[in-house]
Amino acid sequence: MEFMGYRRANGKVGVRNHVLVIPSVVCSQGAAEAITRNVKGSVYLPNVFGCAQVGADREQTKRSLAGFGTNPNIYAVLVVGNGCENLSAKEMAEAIQPSGKRVEYIEIQEVGGTKKTISKGRKIVKEMLADAAKVERQPIPVSELILGTECGGSDYTSGLGSNPSVGAASDLLVEAGGTVILSETTELIGAEHLLARRARTPEIGKQVLDLIKWWETEAIKTGQDIRGANPAPGNIEGGITTLEEKSLGCIYKGGTKTLEEVVKYAFPPTKKGLILMDTPGHDIDQLTAMMAGGSQIAVFTTGRGTPTGSPIGPVIKISANAETCKKMKDNIDINVSTVVQGKESVKEAGKRIFDEIVAVASGKLSKAEKLGQRDFCIFKIGLNF
Amino acid sequence: MAQKSKAIVINEKDNVATAIVPLKTGATVSLAAQGRSEKIKLLSTIPMGHKFALAAIPKGMDVIKYGEAIGQTTAPIAKGEHVHVHNVVSHRGRKEGA
Chain P
555 MEFMGYRRAN
565 GKVGVRNHVL
575 VIPSVVCSQG
585 AAEAITRNVK
595 GSVYLPNVFG
605 CAQVGADREQ
615 TKRSLAGFGT
625 NPNIYAVLVV
635 GNGCENLSAK
645 EMAEAIQPSG
655 KRVEYIEIQE
665 VGGTKKTISK
675 GRKIVKEMLA
685 DAAKVERQPI
695 PVSELILGTE
705 CGGSDYTSGL
715 GSNPSVGAAS
725 DLLVEAGGTV
735 ILSETTELIG
745 AEHLLARRAR
755 TPEIGKQVLD
765 LIKWWETEAI
775 KTGQDIRGAN
785 PAPGNIEGGI
795 TTLEEKSLGC
805 IYKGGTKTLE
815 EVVKYAFPPT
825 KKGLILMDTP
835 GHDIDQLTAM
845 MAGGSQIAVF
855 TTGRGTPTGS
865 PIGPVIKISA
875 NAETCKKMKD
885 NIDINVSTVV
895 QGKESVKEAG
905 KRIFDEIVAV
915 ASGKLSKAEK
925 LGQRDFCIFK
935 IGLNF
Chain C
5 MAQKSKAIVI
15 NEKDNVATAI
25 VPLKTGATVS
35 LAAQGRSEKI
45 KLLSTIPMGH
55 KFALAAIPKG
65 MDVIKYGEAI
75 GQTTAPIAKG
85 EHVHVHNVVS
95 HRGRKEGA
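Top to bottom, those sequences are chains P and C. 555 is the number of the first residue of the first sequence in our numbering; add one for each residue after it. 5 is the number of the first residue of the second sequence in our numbering; add one for each residue after it.
For the record, the hints were derived by calculation from the structure and aren't laboratory data. You can trust all of the hints, since none of them are fake.
One side of the interface only, derived from the structure: several residues of chain C facing chain P at Cβ under 8 Å: (1) Ile12; (2) Lys55; (3) Ser94; (4) His95.
Think of the CB as a built atom: it goes at the ideal place given N, C-alpha and C, for glycine as much as any other residue.
With the hints as extra help, turn the sequences into a complete structure.
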């Protein structure tokens, strides 16, 4: 099966053709926003980090930002720095360069102020957009897709309807040779044994169990109770009682296939098939990690409703809560309340979701894209100094 | 797969059902569509999406949904009673440890 995508110089395939402006540091975020304002086809990342960071924390910020730059949904990149930050625009541009796309960088201090930076930046972005417009979509096997999966604002319908339906769609994509990323490690707590059992090797299974143990130990070390954050108050109101209950409903999203690999936050998978990426349950930290890891498209199940979208790729919203589908119809792309009501099988709903993934990958806009919802947030793992 | 039931039992091992419509105290819920021939009289009001017990669950026992333990009871729960955060505690992610 094929979709219509953009083949890049490095062989990777995009489902969108954006020009991306990356502020390497929070100080240049305003300029980056101004450069892309009202320039159709350009997007920027609302990055609030990039300075006074050290070690693994700095690396994670760099890897996440660079991952957005190298993502095949992006045609070309302009990095905007201030000039004195410890994650410089030059370093960021060099990290994106190996992808083979055009990458430029400018710095506010060097160019001489915000106004000049905006006008210089807009000129570069418009040039890039003119070149981007010459690239055409072509038929591409769906095996090139890396689908991110996510759930947020969960309620009882997530575990009963939308997550199993997405799981059926995940299975279809894996059967077609594609890749599916399951993440939000904290929301696997209580269900990890089921995933570990499906690992390709005992080592991969052990990685799953070790990850869960790490998160649980970290939570306990803080002297806090993970239950204060997860399940969230809205989850509890929606009928979810415990973390285990939420997790058991959550892992359905990944389908039933063999787990091929475990990757760390914002790292690209090196295998095809079902992949586990280690991320927090925080919706935007997680979406950012999957897109930085090379996901071109994501599916997001919700019970209570959520507006989440990514600056660089479509996020298809799926709900099995009939009331939410009606109440938040500008946010929800696919209604699978039919599954909870017994009017449609999980398999049929899964096929419907799979077909929509192919249509959206081929250019149909997701509702989050139509709304201009561009959430971005890197999982911070260290102090700012 | 026509379904007239107002509640769903996901796995045959489960000791709770999930209400898919709001249910009132005293109402009788038929689980005929779940491959069960049970009728359960509700002892509490069950908001949509919330759970009720399919059988009496003593204090300290596992609550089973999706065929797996989702937590432990902190009080005895009667058949037909609301099962939620007031009478169930998670086994996991607790600061005092599982």
